[in-house]
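Please build the complete structure, drawing on both the sequences and the hints.
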Amino acid sequence: MSNVMERITVAQARQLIADYTYTIDDGVLSDWPTYFTEPCIYRITTRQNEEMIMPLSIMLCDNQAMLYDRVEAIEKANIFEPHYYRHVLSDSKVLEMDDESIRMETSFTCVRTMLDGRVTLFASGRYSDHIVLEEGRCLFRTRKVVLDSSKVDTLIAIPL
Amino acid sequence: MKNSENPLPVTWPEEGVRRIPYAVYSEPEVFEHEQKAIFRGPIWHFLGLEVQIPEAGCYVTAQVGEVPVIVVRNDEGEVQAMVNRCSHKGTPLVYTPQGKTKRFMCIYHNWCFNLNGKMTAAAFERGVRGKGGMADTFKKEDNGLQRLRVHVQNGLIFGTFSDETPPFEEYVGPELIANMQRVCGKPLRVLGTYSQKLPSNWKLYIENVKDPYHASILHAFNGVMKQDRLTMEGGITMGTNGWSHISWSKMKFETGGEVYEEAEMRSAEISAYGFGLRDKSMTDVWDDFGDSVSMTIHTVFPNFVLQQLRNCLALRTIVPVGTHESELRWIAFGYQDDDERKLNGRLKQSNMMGPAGLIAMEDGMIGGLVQQGIAGSLDKAAVIEMGGHGIEPIPGSRVSEGSVRGFWTGYRALMGL
Numbered sequence: 001m002s003n004v005m006e007r008i009t010v011a012q013a014r015q016l017i018a019d020y021t022y023t024i025d026d027g028v029l030s031d032w033p034t035y036f037t038e039p040c041i042y043r044i045t046t047r048q049n050e051e052m053i054m055p056l057s058i059m060l061c062d063n064q065a066m067l068y069d070r071v072e073a074i075e076k077a078n079i080f081e082p083h084y085y086r087h088v089l090s091d092s093k094v095l096e097m098d099d100e101s102i103r104m105e106t107s108f109t110c111v112r113t114m115l116d117g118r119v120t121l122f123a124s125g126r127y128s129d130h131i132v133l134e135e136g137r138c139l140f141r142t143r144k145v146v147l148d149s150s151k152v153d154t155l156i157a158i159p160l
Numbered sequence: 161m162k163n164s165e166n167p168l169p170v171t172w173p174e175e176g177v178r179r180i181p182y183a184v185y186s187e188p189e190v191f192e193h194e195q196k197a198i199f200r201g202p203i204w205h206f207l208g209l210e211v212q213i214p215e216a217g218c219y220v221t222a223q224v225g226e227v228p229v230i231v232v233r234n235d236e237g238e239v240q241a242m243v244n245r246c247s248h249k250g251t252p253l254v255y256t257p258q259g260k261t262k263r264f265m266c267i268y269h270n271w272c273f274n275l276n277g278k279m280t281a282a283a284f285e286r287g288v289r290g291k292g293g294m295a296d297t298f299k300k301e302d303n304g305l306q307r308l309r310v311h312v313q314n315g316l317i318f319g320t321f322s323d324e325t326p327p328f329e330e331y332v333g334p335e336l337i338a339n340m341q342r343v344c345g346k347p348l349r350v351l352g353t354y355s356q357k358l359p360s361n362w363k364l365y366i367e368n369v370k371d372p373y374h375a376s377i378l379h380a381f382n383g384v385m386k387q388d389r390l391t392m393e394g395g396i397t398m399g400t401n402g403w404s405h406i407s408w409s410k411m412k413f414e415t416g417g418e419v420y421e422e423a424e425m426r427s428a429e430i431s432a433y434g435f436g437l438r439d440k441s442m443t444d445v446w447d448d449f450g451d452s453v454s455m456t457i458h459t460v461f462p463n464f465v466l467q468q469l470r471n472c473l474a475l476r477t478i479v480p481v482g483t484h485e486s487e488l489r490w491i492a493f494g495y496q497d498d499d500e501r502k503l504n505g506r507l508k509q510s511n512m513m514g515p516a517g518l519i520a521m522e523d524g525m526i527g528g529l530v531q532q533g534i535a536g537s538l539d540k541a542a543v544i545e546m547g548g549h550g551i552e553p554i555p556g557s558r559v560s561e562g563s564v565r566g567f568w569t570g571y572r573a574l575m576g577l
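Protein sequences, first through last, are from chains A and B.
Going left to right, the first sequence walks through residues 1 to 160 as this note's numbering numbers them.
Going left to right, the second sequence walks through residues 161 to 577 as this note's numbering numbers them.
Take these hints with a grain of salt, some might be off.
[As the list claims (entries may be wrong)] The calculated lysine-lysine pairs, modelled on BS3-like cross-linking and capped at a C-alpha distance of 30 Å, are:
id, chain 1, residue 1, chain 2, residue 2
1, A, K151, B, K357
2, A, K76, B, K412
3, B, K357, B, K196
4, B, K346, B, K502
5, B, K357, A, K76
6, A, K76, B, K440
7, B, K440, A, K144
8, A, K151, B, K196
9, A, K76, B, K410
10, B, K346, B, K412
11, B, K502, A, K144
12, A, K151, B, K260
13, B, K278, B, K291
14, B, K357, B, K540
15, A, K151, A, K93
16, B, K249, B, K291
17, B, K440, B, K502
18, B, K249, B, K299
19, A, K151, B, K502
20, B, K357, A, K144
Think of the hints as simulated: they come from the structure by calculation, not from any bench.
Here it is as structure tokens:
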């Protein structure tokens, strides 16, 4: 037998999505860029902009440096009331798959809790992901967050 | 104090517009009176972009204070604006933010209106088999939609309910018209929209926009990245009577930046950590207008903003929802002749604006914090004395709250306060 090529599996991709979610919800922002390839695309947009074929993003990073800049801005420069996220995810729908990559979609809701105890349903939407296998590890080549609502409550500091 | 001339529960302090009574941000009677005296009064209100309604029958919806409005292009190619309310029972005629139609037809009783708002038909107007039907006194020509007067300035559509509103050019003044020609002088392309629900009175947001004093302090990102500091060459240009304004700066021309370190500013402390952007593509800017002016924040009284942050262009409208809530609506735009590099540059730089804006993020929450701080102190007032007492701009300086005082000058005049 020749070398066995490792093939990407749906279970691996799901594990990436779960690990990412816990990293965000646990507040370990500094690890956030490690879930992406270089280059990559992370963007937050709205369902309305998607339907109107409008390219605007609420947040857009297309390389590792931009991801780290965002983390550093959130941790050092930007001012906002401290808060936590709690994501709840659906099963994923696989759109396309080959040996090295998967395109899949996952629905989410995100509850935001402020330090004074205010709890709100902050966002709902879907992740549209392009996940690839690089050196035995699954990473996001693209993670597009499509918010169902075009209206954001106050601000989005922490990535979704 | 309540009396016959001033029925509002607010007494303006003797000092004038260098004091802002906190009651104006919180009292329901003030909110109610603003709807009539300001939003349905003699002001020009932003309604949308011509490019959003390219053909006859294309419409967008807007909101002027509490009033829902339709902006539509009629069969003659003219822009028309009318209240989104059937003249029969008051049902809205359209429900989607944008669309295309031949006429406006009410779902409730089929009253129909043409693209000029004129009533053309009603269901069973003559009854059925000669019985029933509208009373003899009913005339379609008396039951058209309520219309707004419209002015289109470089593709930006403004409307007003009042016959008293001066012509737009007179309302904003020649320098502001010149800046609209500068930024919107060629065919625009809408890049997208979104909005923010803000936990504050609408005036706390517009005051923030009109206040260049805070920009490099609250927004540490600005100060640290030397994107916009008060030590850069810049100034404030006032519109007619100071009601509207432009704050502008040139990032390439800066002197005296050490005041940021000397005043123990947060941005200077953060710089000391060695914070700087790793990615240079977002700061890869170009001179869109050939004048080295890297930032213009331009307001039109009472609640409209035209923004140029480097190459990041946007329109903002702050819509009052209640005493303690408002909605900030954004439209990002570029130009139809933008090449791929410029389009991508604008999209990247839009990281600075909106709900996740590296610069704009704090503007969404600061009004809510002020609202928390002033609770229970409605007999007290804010102190607005940077740059003096009046609204005269200081040549070559933005270290002034003169434009904030200009907003309140207009506000007091219309509100009778």
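Task: Given pair status - B/K502, B/K440, alpha carbons within 30 Å - done: Satisfied, since the Cα-Cα distance of roughly 15 Å is no more than 30 Å.
- [ ] For the pair we were handed, A/K76 and B/K412, check the Cα-Cα distance against 30 Å.
- [x] The given pair, whose Cα atoms are some 25 Å apart, holds under the 30 Å limit.
Task: Holds or violated: A/K151 to B/K260, with C-alpha atoms at most 30 Å apart - done: It holds: about 23 Å lies between the C-alpha atoms, which stays within 30 Å.
Task: Satisfaction of hint between B/K410 and A/K76, Cα-Cα up to 30 Å - done: Holds - the C-alpha atoms of B/K410 and A/K76 are around 26 Å apart, at most 30 Å.
Open item on the list: Hint check: B/K357 vs A/K144, CA-CA at most 30 Å. Holds or violated?
Closed with: 23 Å, holds
Open item on the list: Between the alpha carbons of B/K357 and B/K540, is the straight-line distance 30 Å or under?
Closed with: 27 Å, holds
Task: 30 Å limit on alpha-carbon distance, applied to hinted pair B/K346 and B/K502 - done: 15 Å, holds
- [ ] Could you grab the alpha-carbon distance between B/K249 and B/K291 and see if it respects the 30 Å cut-off?
- [x] Satisfied, since the Cα-Cα distance of roughly 23 Å is no more than 30 Å.
Task: Hinted pair B/K278 and B/K291, Cα distance within 30 Å - done: 26 Å, holds
Task: Agreement of A/K76 and B/K440 with the hint, judged by alpha carbon distance not exceeding 30 Å - done: 19 Å, holds
TODO: Decide if the proposed pair is consistent with the structure: A/K151 and A/K93, CA atoms, cutoff 30 Å inclusive.
DONE: Status holds; Cα separation ~26 Å.
TODO: Quickly compare the C-alpha distance for B/K357 and A/K76 to 30 Å and report which way the hint goes.
DONE: Distance of about 25 Å is within 30 Å: holds.
No hint from the list above goes unmet by this structure.
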